[in-house]
Amino acid sequence: MGNSYSTSTSSGRSTEVTYERLEKIPRTEAAYRVTNGNIAAIDFGTSSISLAYTTKGDANVSMISFESSKKQERSLNIILCKKVASENKIRVEALGDKAATLYQKLRKEEYSEYIYFERIKMLMRRDQKSITRDTPVESLSGEQYYLVEVIAFILKYMKDLLIDHLSRTVRPLKTTDFDWVITVPAIWDARGKRMMREAAYLASLLTESDGIVNFTPVSSSPLPLCSDVNPDKLSLALEPESAALYSQKNIASDINKDRSLSVINPPKKYMVIDIGGGTVDITAHAEDGDDIIVQNIPTGNACGGTQVNEAFSQLLQKLTKDAGYDRFLASNASLKPKRSANINMILYTDFEGQKCLFGQEEIEGIAIDLGKIAGFYDKELKEVQGMEGIEYECDSSTLYINKDFVESHLFGPVISDIKKCLNEAIADNGYEADAFYLVGGFGGCKYVYKKLKEVIENAYASQGRDQCPSVLTPIEPHLAVAQGAVLWRKNPEIIKLRKSDATYGIAIFVPFDKAQHDKHYKYLHEEERIYRCDSIFFPFLKRSETPDYNEVMVTSLIPHNQSDKEVCVKIFSTSEPDVQYVVDKNGQSTVREIGQLLLHVPNPQKLPKSQRKIDVIMDFSGTEIQAKAKYRVDESEVKTVCDFLSAQPWRLGQK
Numbered sequence: 001m002g003n004s005y006s007t008s009t010s011s012g013r014s015t016e017v018t019y020e021r022l023e024k025i026p027r028t029e030a031a032y033r034v035t036n037g038n039i040a041a042i043d044f045g046t047s048s049i050s051l052a053y054t055t056k057g058d059a060n061v062s063m064i065s066f067e068s069s070k071k072q073e074r075s076l077n078i079i080l081c082k083k084v085a086s087e088n089k090i091r092v093e094a095l096g097d098k099a100a101t102l103y104q105k106l107r108k109e110e111y112s113e114y115i116y117f118e119r120i121k122m123l124m125r126r127d128q129k130s131i132t133r134d135t136p137v138e139s140l141s142g143e144q145y146y147l148v149e150v151i152a153f154i155l156k157y158m159k160d161l162l163i164d165h166l167s168r169t170v171r172p173l174k175t176t177d178f179d180w181v182i183t184v185p186a187i188w189d190a191r192g193k194r195m196m197r198e199a200a201y202l203a204s205l206l207t208e209s210d211g212i213v214n215f216t217p218v219s220s221s222p223l224p225l226c227s228d229v230n231p232d233k234l235s236l237a238l239e240p241e242s243a244a245l246y247s248q249k250n251i252a253s254d255i256n257k258d259r260s261l262s263v264i265n266p267p268k269k270y271m272v273i274d275i276g277g278g279t280v281d282i283t284a285h286a287e288d289g290d291d292i293i294v295q296n297i298p299t300g301n302a303c304g305g306t307q308v309n310e311a312f313s314q315l316l317q318k319l320t321k322d323a324g325y326d327r328f329l330a331s332n333a334s335l336k337p338k339r340s341a342n343i344n345m346i347l348y349t350d351f352e353g354q355k356c357l358f359g360q361e362e363i364e365g366i367a368i369d370l371g372k373i374a375g376f377y378d379k380e381l382k383e384v385q386g387m388e389g390i391e392y393e394c395d396s397s398t399l400y401i402n403k404d405f406v407e408s409h410l411f412g413p414v415i416s417d418i419k420k421c422l423n424e425a426i427a428d429n430g431y432e433a434d435a436f437y438l439v440g441g442f443g444g445c446k447y448v449y450k451k452l453k454e455v456i457e458n459a460y461a462s463q464g465r466d467q468c469p470s471v472l473t474p475i476e477p478h479l480a481v482a483q484g485a486v487l488w489r490k491n492p493e494i495i496k497l498r499k500s501d502a503t504y505g506i507a508i509f510v511p512f513d514k515a516q517h518d519k520h521y522k523y524l525h526e527e528e529r530i531y532r533c534d535s536i537f538f539p540f541l542k543r544s545e546t547p548d549y550n551e552v553m554v555t556s557l558i559p560h561n562q563s564d565k566e567v568c569v570k571i572f573s574t575s576e577p578d579v580q581y582v583v584d585k586n587g588q589s590t591v592r593e594i595g596q597l598l599l600h601v602p603n604p605q606k607l608p609k610s611q612r613k614i615d616v617i618m619d620f621s622g623t624e625i626q627a628k629a630k631y632r633v634d635e636s637e638v639k640t641v642c643d644f645l646s647a648q649p650w651r652l653g654q655k
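Residue numbers (full-length UniProt numbering): 1 to 655.
Hints should not be assumed to be uniformly reliable.
Stated by the list, open to error - Below, computed lysine-lysine pairings styled on PhoX-like, alpha-carbon distance capped at 25 Å:
id : residue 1 : residue 2
1  : K403      : K24
2  : K420      : K403
3  : K606      : K585
4  : K639      : K613
5  : K490      : K570
By construction, these hints were calculated from the structure, which means they are not laboratory data.
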């Protein structure tokens, strides 16, 4: 028999719960639906985005080209939307470089008709703990919009690009012909993952409806909870895992072309260092026959190539003596959008190009044309001449930064942070890797490769190792995540084991036991006339545990009142060991509320409460926390939603 306890719902009522502690049962349903062979994967990066796909019977993975004339397979994460007043809707005009160029060329009177966003994923970095469905994002012109809806418009545009491309081929396919994948950093928590899932629902990635057509005005009222329509048609792939599959496939292919020329055998234990625009993700993998085991809790932080751009921005603000470019932006209110675009063009287009060339060691210094702002900052820029490592040429309005300064002040800080993460990951993995894969737009550049190869060599030398593992960069490392996500979706069960990144559980109250419980949490239950202990943290899964892919966890719930039509159970997480209570004696939280499990239990058959026992099946083994529920009495399915985005408790019928 299990233990009976209670937990709070969104309405403040309690739900009686019967739970057999850590009861595990064999998996009876596959964690992922069997794909029909049509797979589309969106790599939604901080600085850039891409879309890879394959169709039934095709062994190759193709990339969507954003500008066919350039064969551009990655686009800057920039979106330009137009307000179509006659139709009362929003239309995406362009993505990437094209969006930036179009916005730059708008007339002053046209700015009010357009909405422009850049690098919105920065708001979802690991340190942003408060992300919710209602998290706002500011357009370049200063207007507020809901982040989840902006992401949805980008996803919708990319979906339309793919379907439009295929409509002109011998294989015209519909949106619903595809199984969709969106990649996410492995270090993200449940909130960021749920944000991408709900954005996909809004974009109608999983249906044939038109999807989002307008922005919801930002207000004090929360956005409604998205309906989970065809949820099994969407999977979230972890970026370093996808990159690992891509790298292993390509390295093995290269080795097998001519083994006599290869200096290594296909590695069986390897680490992936995925460094994009906004994050570094590091995972350790070991192959066990045909299966892959992820050996570590994914590690990393919010540092990547974009931090180099931010360092340059800080330098430019210092040189112009204008923090936040406030004087420049405020000098002409009607031109503020254009001036913001000028600044962004310098930071994320002009400087980005120079940064990439420096990273590939094709240039030794950086030269930036400041013509767009030189007139306003003429006096300040003329004073630059005295700074070591920096020159400003007035005639050409060009800022020159030498190699030493670029290394120490622009690339140096982010490289230092990445080195620290890498050293910790190598040590935590016990120096077991046979090879390291460097992938991602920033991780794949020569400069970063050399710096991190040195770190790896020194780390292994410090352990008395005579031979350093191979440090490899696969072909097209910037496409590794997108193409690898397609490979993963073909066989998601290839990754059998992952370590839990946190301890997950719920809050309960049980009959008070003075031998086990602190009297601070003791209270008298008025209806039952017994003493109970409140706020006990009851874990389902502990940090570093490895849930078996072939098992799921089960608990049982009974609605507290016969009239209850929903059950809501809050889910908490913590990285701390041995947490006993969800609040301390001062009323401060000791755990983090990451979301709530919502169950829709209308009871049309008017079953007595004793027969309304619900089996809740929770799966922690995949890339997302998943839950399903069914009535014990007849095994009929109960509508279940894992809501990790609400800023406040949400009710299923709420509008």
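Okay, which hints does this one fail, numbers in order?
Structure breaks hints 1, 3, 5.
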